[in-house]
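Participant: Here the structure of chain R is known, so what remains is to put chains F, Y, H, L and X in place on it, guided by the hints.
There are 6 protein chains.
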Amino acid sequence: MATVKLWTDAEADAHPEVKAVFDDIRATRKSDFVNNFWRGLANDPAHLKRIWGQLKEIMVAESTIDPLTKEMVYIAVSVANGCSYCIHSHTAAAKAKGMTDAQHGELLSIIGLAGQTNHLVTAMQIPVDAQFEVKG
Amino acid sequence: MATVKLWTDAEADAHPEVKAVFDDIRATRKSDFVNNFWRGLANDPAHLKRIWGQLKEIMVAESTIDPLTKEMVYIAVSVANGCSYCIHSHTAAAKAKGMTDAQHGELLSIIGLAGQTNHLVTAMQIPVDAQFEVKG
Amino acid sequence: MATVKLWTDAEADAHPEVKAVFDDIRATRKSDFVNNFWRGLANDPAHLKRIWGQLKEIMVAESTIDPLTKEMVYIAVSVANGCSYCIHSHTAAAKAKGMTDAQHGELLSIIGLAGQTNHLVTAMQIPVDAQFEVKG
Amino acid sequence: MATVKLWTDAEADAHPEVKAVFDDIRATRKSDFVNNFWRGLANDPAHLKRIWGQLKEIMVAESTIDPLTKEMVYIAVSVANGCSYCIHSHTAAAKAKGMTDAQHGELLSIIGLAGQTNHLVTAMQIPVDAQFEVKG
Amino acid sequence: MATVKLWTDAEADAHPEVKAVFDDIRATRKSDFVNNFWRGLANDPAHLKRIWGQLKEIMVAESTIDPLTKEMVYIAVSVANGCSYCIHSHTAAAKAKGMTDAQHGELLSIIGLAGQTNHLVTAMQIPVDAQFEVKG
Amino acid sequence: MATVKLWTDAEADAHPEVKAVFDDIRATRKSDFVNNFWRGLANDPAHLKRIWGQLKEIMVAESTIDPLTKEMVYIAVSVANGCSYCIHSHTAAAKAKGMTDAQHGELLSIIGLAGQTNHLVTAMQIPVDAQFEVKG
Numbered sequence: 001m002a003t004v005k006l007w008t009d010a011e012a013d014a015h016p017e018v019k020a021v022f023d024d025i026r027a028t029r030k031s032d033f034v035n036n037f038w039r040g041l042a043n044d045p046a047h048l049k050r051i052w053g054q055l056k057e058i059m060v061a062e063s064t065i066d067p068l069t070k071e072m073v074y075i076a077v078s079v080a081n082g083c084s085y086c087i088h089s090h091t092a093a094a095k096a097k098g099m100t101d102a103q104h105g106e107l108l109s110i111i112g113l114a115g116q117t118n119h120l121v122t123a124m125q126i127p128v129d130a131q132f133e134v135k136g
Numbered sequence: 001m002a003t004v005k006l007w008t009d010a011e012a013d014a015h016p017e018v019k020a021v022f023d024d025i026r027a028t029r030k031s032d033f034v035n036n037f038w039r040g041l042a043n044d045p046a047h048l049k050r051i052w053g054q055l056k057e058i059m060v061a062e063s064t065i066d067p068l069t070k071e072m073v074y075i076a077v078s079v080a081n082g083c084s085y086c087i088h089s090h091t092a093a094a095k096a097k098g099m100t101d102a103q104h105g106e107l108l109s110i111i112g113l114a115g116q117t118n119h120l121v122t123a124m125q126i127p128v129d130a131q132f133e134v135k136g
Numbered sequence: 001m002a003t004v005k006l007w008t009d010a011e012a013d014a015h016p017e018v019k020a021v022f023d024d025i026r027a028t029r030k031s032d033f034v035n036n037f038w039r040g041l042a043n044d045p046a047h048l049k050r051i052w053g054q055l056k057e058i059m060v061a062e063s064t065i066d067p068l069t070k071e072m073v074y075i076a077v078s079v080a081n082g083c084s085y086c087i088h089s090h091t092a093a094a095k096a097k098g099m100t101d102a103q104h105g106e107l108l109s110i111i112g113l114a115g116q117t118n119h120l121v122t123a124m125q126i127p128v129d130a131q132f133e134v135k136g
Numbered sequence: 001m002a003t004v005k006l007w008t009d010a011e012a013d014a015h016p017e018v019k020a021v022f023d024d025i026r027a028t029r030k031s032d033f034v035n036n037f038w039r040g041l042a043n044d045p046a047h048l049k050r051i052w053g054q055l056k057e058i059m060v061a062e063s064t065i066d067p068l069t070k071e072m073v074y075i076a077v078s079v080a081n082g083c084s085y086c087i088h089s090h091t092a093a094a095k096a097k098g099m100t101d102a103q104h105g106e107l108l109s110i111i112g113l114a115g116q117t118n119h120l121v122t123a124m125q126i127p128v129d130a131q132f133e134v135k136g
Numbered sequence: 001m002a003t004v005k006l007w008t009d010a011e012a013d014a015h016p017e018v019k020a021v022f023d024d025i026r027a028t029r030k031s032d033f034v035n036n037f038w039r040g041l042a043n044d045p046a047h048l049k050r051i052w053g054q055l056k057e058i059m060v061a062e063s064t065i066d067p068l069t070k071e072m073v074y075i076a077v078s079v080a081n082g083c084s085y086c087i088h089s090h091t092a093a094a095k096a097k098g099m100t101d102a103q104h105g106e107l108l109s110i111i112g113l114a115g116q117t118n119h120l121v122t123a124m125q126i127p128v129d130a131q132f133e134v135k136g
Numbered sequence: 001m002a003t004v005k006l007w008t009d010a011e012a013d014a015h016p017e018v019k020a021v022f023d024d025i026r027a028t029r030k031s032d033f034v035n036n037f038w039r040g041l042a043n044d045p046a047h048l049k050r051i052w053g054q055l056k057e058i059m060v061a062e063s064t065i066d067p068l069t070k071e072m073v074y075i076a077v078s079v080a081n082g083c084s085y086c087i088h089s090h091t092a093a094a095k096a097k098g099m100t101d102a103q104h105g106e107l108l109s110i111i112g113l114a115g116q117t118n119h120l121v122t123a124m125q126i127p128v129d130a131q132f133e134v135k136g
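Protein chains in written order, with the UniProt record's numbering: chain R, 1 to 136; chain F, 1 to 136; chain Y, 1 to 136; chain H, 1 to 136; chain L, 1 to 136; chain X, 1 to 136.
Mixed in with the good hints, there may be bad ones.
Unchecked claim - Mimicking SDA-like on lysine to any residue, the simulated pairs with C-alpha atoms at most 20 Å apart in a straight line are: (1) H:Lys-19 - H:Ser-31; (2) F:Lys-49 - L:Leu-55; (3) F:Lys-49 - L:His-47; (4) X:Lys-97 - L:Phe-132; (5) Y:Lys-95 - H:Val-128; (6) F:Lys-56 - L:Pro-45; (7) R:Lys-49 - Y:Gly-105; (8) X:Lys-5 - H:Asp-101; (9) F:Lys-5 - X:Gly-98; (10) R:Lys-19 - R:Lys-30; (11) X:Lys-95 - X:Ala-61; (12) Y:Lys-5 - H:Val-128; (13) L:Lys-95 - X:Ser-63; (14) F:Lys-30 - F:Lys-97; (15) R:Lys-56 - R:Ile-25; (16) X:Lys-95 - L:Ser-63; (17) L:Lys-30 - L:Lys-49; (18) R:Lys-5 - Y:Asp-101.
Rather than coming from a laboratory, the hints here were simulated on the basis of the structure.
One chain only, chain R, in its complex shape (with noise of 0.2 Å):
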């Protein structure tokens, strides 16, 4: 149960701004697919257009990082942030761009232990070392 409208297909095709989106969204991904997360979004349209943009430019435009990388790091994210809904997307978004059980497993092992050290770091609170400063 959300706190907002989830828009249906048939609301959305009745308002341009939002129908704009959810068509590029569709032709970007191939897919008829548009999850629930722009349903919500489309409630505001403006800000609907916005995230989208981002996304796109982010997420989807050729860039220095692979896509399976981007999606490992969004997972990342998330997982330390709690949002339940945005590991679900790009769990499943990471293994459509080809991450394999195995490297699944190891992404996992990776965001624990990063976890664990942060607690014991900050447990700690260890001062940073000069060797890591950041020459001007």
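Facilitator: Okay, now just chains F, Y, H, L and X, sitting in the frame of chain R:
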């Protein structure tokens, strides 16, 4: 200022279990530098050994995820958890493993976008789409 | 499914301290509805009384921040902390205090943007500008 | 100490895309001061432009939420996320937009109370009341 | 719904490494019940073994902190991290180790108060008193 | 650098409500030292009184959880929330209440392990076992 003592090399050398781990860190990394995290963990030699053992198995050993991607995932978790020391140390490690400025910039974009959409999804309490479910 | 018992009205009525708080919640809110949070806290009557006392002083009493803004701030904290129940209850409260759909949409934009820039600032470890310092 | 270079004005002036954003920040805020956040983002000019564009649309443009409330919400998210820099910069912004000491004090009370009840709700795993459900 | 397969007993029995860990969990806990966490970790047998090994060393072995206190600390971390499953499993474990309802109520008070003062300290950005510094 | 003024003793002495709380802190703790947290809260005397009142009831009064365990739980929450000041002040308090170095080391192990398994459970989205359900 830490909440625990940070062991000097002289103190580590005088304690065989701690010395063995510090020696292995140096040999594994081919560097004389032992960063403060390990100097704090040294207060509990069994714990020091366990954490280093895990880190070596997960981050150093050959695996299906390349070393730079591992560091990017580590940075992502550390940012979402707000671990300042960890962000510094793993950003330095990622650079040492070849992360370019362009890749660093893109990594930041992904982390920022994930932070944003995590907050939006949580605020809207979006239900998980049936399509994202794992089949037994 | 909770980790504590949720008190029914019958159970609350049989316990004078709990009954007194439930009665005050109903009188203050001019509604018969007592939500599950209070039914869980009832297991520790002194704690129930303390938390309700604070909430009344901070959220209900007249103050220099208007009631709708208070709810928006509450939602913002709850989202960043990932408290699903709290997001639901305070979104409902904000709507009861007049939050329009347009305001809800803008609130979400602000929360999402703050989530994004929080992650970026943390990832870059930006030092605080001297201009932001409070003068004694 | 940041993990990225903080651009000086001279460096920004030498890069047209960065200069254009810095100029717009100064014109919009009617102040010569460009804070460190933007100097860090300047390393990725497209990202700098995107984030500033969003901030202008969400935080600066006229809307249904008043400017001071927006800053209070921003502070609330930043506190829950533990973003020290963001707390400093948005507290300064809130004061510049008229937040009184009394309002600041009350804002802190609300944020603290929300932090407390978020933890209590999560610890008790309170189920969402049917009354809080959004009707389609 | 998990993002990984949860191993049945039949599947575990067919895989010697997984079976060995499940057998040890059962023997150590003197119970036939193996909870879902281990059934998810089973997808990566080396990881399963490593995590169980740590848990046994830290949570099961004799030590200077009593078993109930250990569970209370575990609950506290899990609440602050918003890990619903972990709150359920460790609250059950604490009860099995003798936590009374009164103790549970007090534990919740402490966790709630810590959540509140953590938020207040962070919002005010209180500097650490010199008296709290660890002496070399 | 705080976002609020930290009250000196002279300022506190000149304000009866603040003085009363500072006097009680000193009498209760049998020490002249009043740490910065209270000096920041003094800006809102009613809030100062409320928070100190709670802390006294929860952390100081006799109860079913011993004083050292309370501090360990407080540290655990503060680490997971990344509250640096709180970690320093409650680690100092735990030591003052008798926490040995061995206990401190074990506390860190538990917090680190909880951080790790919290991340793993969240990443795998493990469903709660029926056995963990509270019976009404």
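Participant: All hints, please: hold or fail.
Facilitator: Checked hints:
no. : hint                 : verdict
1   : H:Lys-19 - H:Ser-31  : 15 Å, holds
2   : F:Lys-49 - L:Leu-55  : 15 Å, holds
3   : F:Lys-49 - L:His-47  : 17 Å, holds
4   : X:Lys-97 - L:Phe-132 : 14 Å, holds
5   : Y:Lys-95 - H:Val-128 : 17 Å, holds
6   : F:Lys-56 - L:Pro-45  : 17 Å, holds
7   : R:Lys-49 - Y:Gly-105 : 13 Å, holds
8   : X:Lys-5 - H:Asp-101  : 10 Å, holds
9   : F:Lys-5 - X:Gly-98   : 18 Å, holds
10  : R:Lys-19 - R:Lys-30  : 16 Å, holds
11  : X:Lys-95 - X:Ala-61  : 19 Å, holds
12  : Y:Lys-5 - H:Val-128  : 14 Å, holds
13  : L:Lys-95 - X:Ser-63  : 18 Å, holds
14  : F:Lys-30 - F:Lys-97  : 14 Å, holds
15  : R:Lys-56 - R:Ile-25  : 9 Å, holds
16  : X:Lys-95 - L:Ser-63  : 18 Å, holds
17  : L:Lys-30 - L:Lys-49  : 19 Å, holds
18  : R:Lys-5 - Y:Asp-101  : 10 Å, holds
Checked against the numbered hints listed earlier, the structure breaks none of them; every hint is satisfied.
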